[in-house]
Amino acid sequence: DSGVTQTPKHLITATGQRVTLRCSPRSGDLSVYWYQQSLDQGLQFLIQYYNGEERAKGNILERFSAQQFPDLHSELNLSSLELGDSALYFCASSVDDTGSDTQYFGPGTRLTVL
Amino acid sequence: GQNIDQPTEMTATEGAIVQINCTYQTSGFNGLFWYQQHAGEAPTFLSYNVLDGLEEKGRFSSFLSRSKGYSYLLLKELQMKDSASYLCAVRSFGRGYQKVTFGTGTKLQVIP
Numbered sequence: 001d002s003g004v005t006q007t008p009k010h011l012i013t014a015t016g017q018r019v020t021l022r023c024s025p026r027s028g029d030l031s032v033y034w035y036q037q038s039l040d041q042g043l044q045f046l047i048q049y050y051n052g053e054e055r056a057k058g059n060i061l062e063r064f065s066a067q068q069f070p071d072l073h074s075e076l077n078l079s080s081l082e083l084g085d086s087a088l089y090f091c092a093s094s095v096d097d098t099g100s101d102t103q104y105f106g107p108g109t110r111l112t113v114l
Numbered sequence: 001g002q003n004i005d006q007p008t009e010m011t012a013t014e015g016a017i018v019q020i021n022c023t024y025q026t027s028g029f030n031g032l033f034w035y036q037q038h039a040g041e042a043p044t045f046l047s048y049n050v051l052d053g054l055e056e057k058g059r060f061s062s063f064l065s066r067s068k069g070y071s072y073l074l075l076k077e078l079q080m081k082d083s084a085s086y087l088c089a090v091r092s093f094g095r096g097y098q099k100v101t102f103g104t105g106t107k108l109q110v111i112p
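These protein sequence lines map, in sequence, to chains A and B.
In case it helps, this note's numbering puts the first sequence at residues 1 to 114.
In case it helps, this note's numbering puts the second sequence at residues 1 to 112.
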């Protein structure tokens with residue numbers, strides 16, 4: 001158990017819908033990272049927040065948005081869902097934003113878009 | 001853009017040493033990560049190199065040469081539980097943001 005929690009574990013929805021994935025970092029960690037992993041594209045970095053501010057951006061679509069709240073939990077919002085958005089979405093947390101400290105991954109949310 | 005290359009698959013024998021290579025081409029390089037991921041599980045952070053040289057952590061070591069755009073992950077005294085995918089990821093600066101780009105991963109199979 002990494003100490004990072006993600007909800008829900010599984011999510012099944014239809015194309016065109018909007019969903020919110022939630023992540024709670026380990027106690028004391030200020031950075032939260034979001035990743036997408038699909039079978040054909042491997043692990044993709046989406047976005048990083050540090051203490052409430054956006055710090056790094058990867059291949060995140062405009063239909064996707066994220067935020068980190070004052071209590072440091074984070075949400076990833078996915079809208080106008082397409083079949084290709086079906087994937088495992090991981091959240092990770094770390095103490096700071098330098099990249100030199102360990103990132104701890106949550107168990108992931110499996111999203112299925114039908 | 002960024003380009004990260006790793007072998008797709010490798011096989012090694014229990015107790016042996018294996019080296020997994022990663023080459024990259026990027027601007028604004030700011031560090032390289034290695035992760036381990038067992039099938040169906042979340043990735044586990046293994047190492048982070050930002051300066052040239054070797055970083056050792058128990059049975060695992062990671063090496064970086066920034067001038068050559070090259071890194072390797074060295075696994076010693078292989079155990080069956082080391083069968084997993086190993087992901088190389090590069091952190092870089094660009095357009096005011098940092099980003100992290102993953103390679104497609106190397107699937108390592110450890111055989112008896």
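Everything labelled a hint here was simulated from the structure, so no lab data went into it.
Keep in mind that the hints are not guaranteed to be accurate.
Here are the simulated lysine-lysine pairs, DSS-like style, with alpha carbons at most 30 Å apart [said to hold, decoys possible]:
| id | chain 1 | residue 1 | chain 2 | residue 2 |
| --- | --- | --- | --- | --- |
| 1 | B | LYS68 | A | LYS9 |
| 2 | B | LYS57 | B | LYS68 |
| 3 | B | LYS76 | B | LYS107 |
| 4 | A | LYS9 | B | LYS81 |
| 5 | A | LYS57 | B | LYS107 |
| 6 | A | LYS57 | B | LYS81 |
Note that the structure is predicted; figures quoted are calculated from it, not measured.
Structure versus earlier hints, numbers of those that do not hold, lowest first:
As far as the earlier hints go, 1, 6 are violated by this structure, in ascending order.
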